[in-house]
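Student: Place chain B on chain A using the hints.
Number of protein chains: 2
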Amino acid sequence: MKIGHVTEVEKETVQAQGSQGAGIQWLLSKRDGVPDFYMRLVSVEPGGIIPLHKHEVIHEMFIVKGKGAVLRPDGETPFEEGNFIYMPSNEVHGTRNTGNELLQFICCINVPPQQQ
Amino acid sequence: MKIGHVTEVEKETVQAQGSQGAGIQWLLSKRDGVPDFYMRLVSVEPGGIIPLHKHEVIHEMFIVKGKGAVLRPDGETPFEEGNFIYMPSNEVHGTRNTGNELLQFICCINVPPQQQ
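Taken in sequence, the protein lines are chains A and B.
Residue numbers for the first sequence follow this note's numbering, so the first one is 13 and each next one is one higher.
Residue numbers for the second sequence follow this note's numbering, so the first one is 13 and each next one is one higher.
All the pointers check out, no bait thrown in.
A pair holds if it fits inside one copy or across any two, identical chains being indistinguishable in the list.
Okay, derived cross-link-like pairs now, BS3-like style, lysine-lysine, Cα gap no bigger than 25 Å in a straight line:
#1 Lys79 <-> Lys14
#2 Lys66 <-> Lys42
#3 Lys66 <-> Lys14
#4 Lys23 <-> Lys77
#5 Lys23 <-> Lys42
No lab work stands behind these hints: they were computed from the structure.
Owing to the predicted nature of the structure, the values given are computational and were not obtained by experimental measurement.
This is chain A alone, in the form it adopts within the complex:
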């Protein structure tokens, strides 16, 4: 068993091009010896955004706090605490904080192909 707390995990800047006010903490990943899939916590400040992008890995997300929206090429879908989202492989998507408080969500991914 491994246990940790989010306050112990470094927050890295989200690298997707054009991202603003978005950080990511890798809670459980390759460095922990975790197989199959990884768990991250994403934080987006009010006004922050992760613009449209795509990738091979899937997302399974759970909104822990705050309000935001999933961005798609043809519009956006609002979400709030308690929403969960499945984003399939290679589907174009982004996220923005639409509220006045920090947006935080759990975002799990399958193991990236280059790490398999």
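Tutor: Okay, now just chain B, sitting in the frame of chain A:
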């Protein structure tokens, strides 16, 4: 993309033998066409418990609210909101609510062998 909210998902009783006051909601799973791993929300009432058990699937957990403890054959480890836990395959474990409010945690598992 699929989006849902926890309030729309049936809460099933946790079946592990001796469990009390524990419910599980399958947020993203086989019925949603989700590959690789599944996402559940587990809720344990004050005084509730999921006794020691083991299984082949792994757990990656994130404590959303409340206070509790991971049970092991030789003791227990407390946790609270913001803790994350990796439980390897076939490691004996359980959970109990040690606080006065509802305990809720995200619990992701790899796809059970019988569903692969």
